[in-house]
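A.B. asks: Chains as they are written, first to last, in the numbering used here: chain A, 1 to 115; chain B, 1 to 111.
Rather than coming from a laboratory, the hints here were simulated on the basis of the structure. If you're wondering where the values come from, they're calculated on a predicted model, not measured in any experiment. You can trust all of the hints, since none of them are fake.
In silico DSS-like pairs for lysine-lysine, Cα to Cα no more than 30 Å straight-line:
#, chain 1, residue 1, chain 2, residue 2
1, A, 42, B, 110
2, A, 42, B, 56
3, B, 59, A, 42
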Amino acid sequence: EPEVTQTPSHQVTQMGQEVILRCVPISNHLYFYWYRQILGQKVEFLVSFYNNEISEKSEIFDDQFSVERPDGSNFTLKIRSTKLEDSAMYFCASSARESGANVLTFGAGSRLTVL
Amino acid sequence: TQLLEQSPQFLSIQEGENLTVYCNSSSVFSSLQWYRQEPGEGPVLLVTVVTGGEVKKLKRLTFQFGDARKDSSLHITAAQPGDTGLYLCAGINNQGGKLIFGQGTELSVKP
Chain A
1 EPEVTQTPSH QVTQMGQEVI LRCVPISNHL YFYWYRQILG QKVEFLVSFY
51 NNEISEKSEI FDDQFSVERP DGSNFTLKIR STKLEDSAMY FCASSARESG
101 ANVLTFGAGS RLTVL
Chain B
1 TQLLEQSPQF LSIQEGENLT VYCNSSSVFS SLQWYRQEPG EGPVLLVTVV
51 TGGEVKKLKR LTFQFGDARK DSSLHITAAQ PGDTGLYLCA GINNQGGKLI
101 FGQGTELSVK P
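Okay, chain A solo, but in the shape it has when bound (with noise of 0.2 Å):
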């Protein structure tokens, strides 16, 4: 069955340092996402990307966050300068298609750890 792919699976950095998160979405997906859990609280959108751009942010999406599909396979969330509060599981989603009853398919997670 097809799955999201994302690594790392944890990553430990220091507060201020960039972070590059990356997913391998199902491959005739058009759709991509990010999504975030801190630990405990609910699994909240960060953003939606499609045909190259991005299509819809929440305010937790700063300027510190960018993502990227740089080579048609992978598609990145950059965190430029990581804080204290954005250690969390992200995880990457791609569907098939956007509205109506939208089916999402998630990655096991990456665990962000900042000290």
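Chain A is fixed; fit chain B onto it per the hints.
C.D. replies: Chain B only, in chain A's frame:
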């Protein structure tokens, strides 16, 4: 801002008991989904409900979408230890298709 409130947040029951988890909002959603999340893994889709009043069954799990499409419930009959996990509801609006998650219900079924 659209919000989904799940209740209860924690539920601990004995094997064989029935339970219901609720997901409520003041907003209308075009569809609503239920996910299950295991520790260290991403959410896995269980079901999508689209039509107001719709009922879907998945073995011992029954999902219902409210008539006004503002709420949903998940009912588990004769719960088993294998049902233990985090259950999440997520609503989809018509704008952009992003998922809005509830805070989840942590279910523990003891043998």
